[in-house]
Amino acid sequence: MNQEQMDVQLWNYIDGRAKQEEVSFVESMIVSDILWRNKYKELLEVNQLLKTDMELEQPSMRFSKNVMEQIVGLQPAKATVKYINKNIIRSIAAFFILTITGFLVYTFTTVDWVSASGTSPLPFDLNKLNPGQLNVSKLMSSTWINIILMVNVVLGLMLLDNYLRRKKKSSVQH
Amino acid sequence: MHVGPSDKEIITRVLQGEQKAYEWLVTRYQSFAFTMAFRYTKNREDAEEIAQSAFVKAYRCLNDYRGDAKFSTWLYTIVSSLCLTFLRKKKLTIHSLDHEAVFEVADRVDSGMRANIVEEKSKIKLVNDAIALLNPDDAKVLSLFYKGDQSLEEIGLIMGIEPNNAKVKLHRARQRLKEKMQQHFAVEVEEYIQS
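In the order they appear, the protein sequences are chains A and B.
Quick note: the first sequence uses our numbering, first residue 1, plus one each step.
Quick note: the second sequence uses our numbering, first residue 1001, plus one each step.
Rather than coming from a laboratory, the hints here were simulated on the basis of the structure.
Cβ atoms here follow ideal geometry from the backbone N, Cα and C, with glycine treated the same way.
Nothing false has been slipped in among the hints.
Now the stretches of chain B that chain A is said to cover, found in silico as 3 or more residues with beta-carbon under 8 Å:
(1) 1012-1023
(2) 1028-1039
(3) 1047-1060
(4) 1125-1131
(5) 1170-1176
With a cut-off of at most 20 Å between alpha-carbon atoms, the simulated PhoX-like pairs for lysine-lysine come out as follows:
(6) K39(A) / K1178(B)
(7) K1123(B) / K51(A)
(8) K1147(B) / K1125(B)
(9) K1125(B) / K1178(B)
(10) K1057(B) / K1089(B)
(11) K1089(B) / K1042(B)
(12) K41(A) / K1123(B)
(13) K1070(B) / K1008(B)
(14) K1042(B) / K1180(B)
(15) K1123(B) / K1180(B)
(16) K41(A) / K1180(B)
(17) K1125(B) / K1042(B)
(18) K168(A) / K86(A)
(19) K39(A) / K51(A)
(20) K78(A) / K1057(B)
(21) K1057(B) / K1020(B)
(22) K1125(B) / K51(A)
(23) K51(A) / K1178(B)
(24) K41(A) / K1178(B)
(25) K65(A) / K1057(B)
(26) K1070(B) / K167(A)
(27) K1020(B) / K65(A)
(28) K1008(B) / K1057(B)
(29) K1178(B) / K1123(B)
(30) K1147(B) / K1070(B)
(31) K51(A) / K1180(B)
(32) K1180(B) / K39(A)
(33) K1070(B) / K168(A)
(34) K1147(B) / K51(A)
(35) K78(A) / K1008(B)
Bound conformation, chain B alone:
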């Protein structure tokens, strides 16, 4: 639950000319918008640029927001579409799980983890490193569901798919995450389970 005025109150105030109120919305959703972009770009500068563009675009199109869905759902749809445009422009390869490069990244992360015993024990780092190894779509669906406060129906809207497909995507993403964790962080997972 957010502190301060509701999203709809803020939007009304912004549309009445109180531009400063928009900063509430930016502060409220910047981490998630940035995370979503970062899952695609794997680069902080690009992610920041995309997330900022999304907020500017959302501001410009604020009159188009009808309030049928949550503001966050609407905003994440914009972020998602900007990420895809970015990938198309940059012609970046979306790493798939079976992609060789992913395993190279995994090995680097893996050895990096082993080099640091303290970090190795961190559950948080374990989960987030495993998520970093997933493809952007899987990482996005997990983030939206667990951190973005989005239902399967809303995830469907953001990703342009039916809610049932969103459910299947979520199941598969969790399955792949589990596989990643077992594959690359088996020792840490074992330690966590025993702790």
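The shape of chain A in the complex, shown without the other chains:
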């Protein structure tokens, strides 16, 4: 373990951000290794200095009065969020939902289910399939490919939505 890793682990321990197994490891190293012990003591001193002796600068005595004078006659502006009409957001959402639903309905109604089902769940007979004679363009234009693509697009949108929601949620929690 290099010096930087040791520092990081010790700071995590001092800040109380180390996981349980890290705590046990650091504590055992502090007890058994003089290098760790000395480093721990050194970092603890820096931490103590920062905690107790760091001072804040003081602004002028008139600071708060100046601010209050500047806001006289001003009113808090309307919240930015309220400027955005929720109906617009709902309309956009409805447009996308309708478009996706329309695509899905169109795709499923145009599927030739009879020829597609047959004896095999695939749109072609695997027994008769000859890789040398595989017609890729025919396969690509297949309704099944369209369905799979459509499902993938919907799944992709759901994943994106999920990711954005989680990101927003985590930033709010922090």
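On the provided structure of chain A, position chain B as indicated by the hints.
The following block gives chain B in isolation, referenced to the frame of chain A:
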């Protein structure tokens, strides 16, 4: 812990039209907002102007404060962004640790300290002089963590970075502070350790 009404209570009162209540918030956070600005500007007048602008801006945008984060976190984000705008406008050089000018400042502080034995022994002055030698980002992250009552997650929000990056920044800032202290105030640090 603050004396008096909570930040949220004050904000509600201000939004209901009791403008005077805003002075509570100003008084409560003025030192920290000013310190943050001062770390960037290194000039009291500019720092005061930035900190005051931040409070005025916060007041104007108070309806935008949703209460998801602490008011202080939200306010410091405004201060931080105003500081960066100020630096961009003034085209000031942010001193890096390796910058020659920093060492000149350090030498001046160093000799100034040596000229005054009484001051030299002050731990408080020692720490604060060493912090003054750091670059604004390092000084800011240390101030936010130790004096601003901000968690790493909140520091991340203020600085627009992930909490893990905030943690790395904090580690590095402490490391650099230690180096500064050893480099420029070795005698004083030794005396402090022995005391």
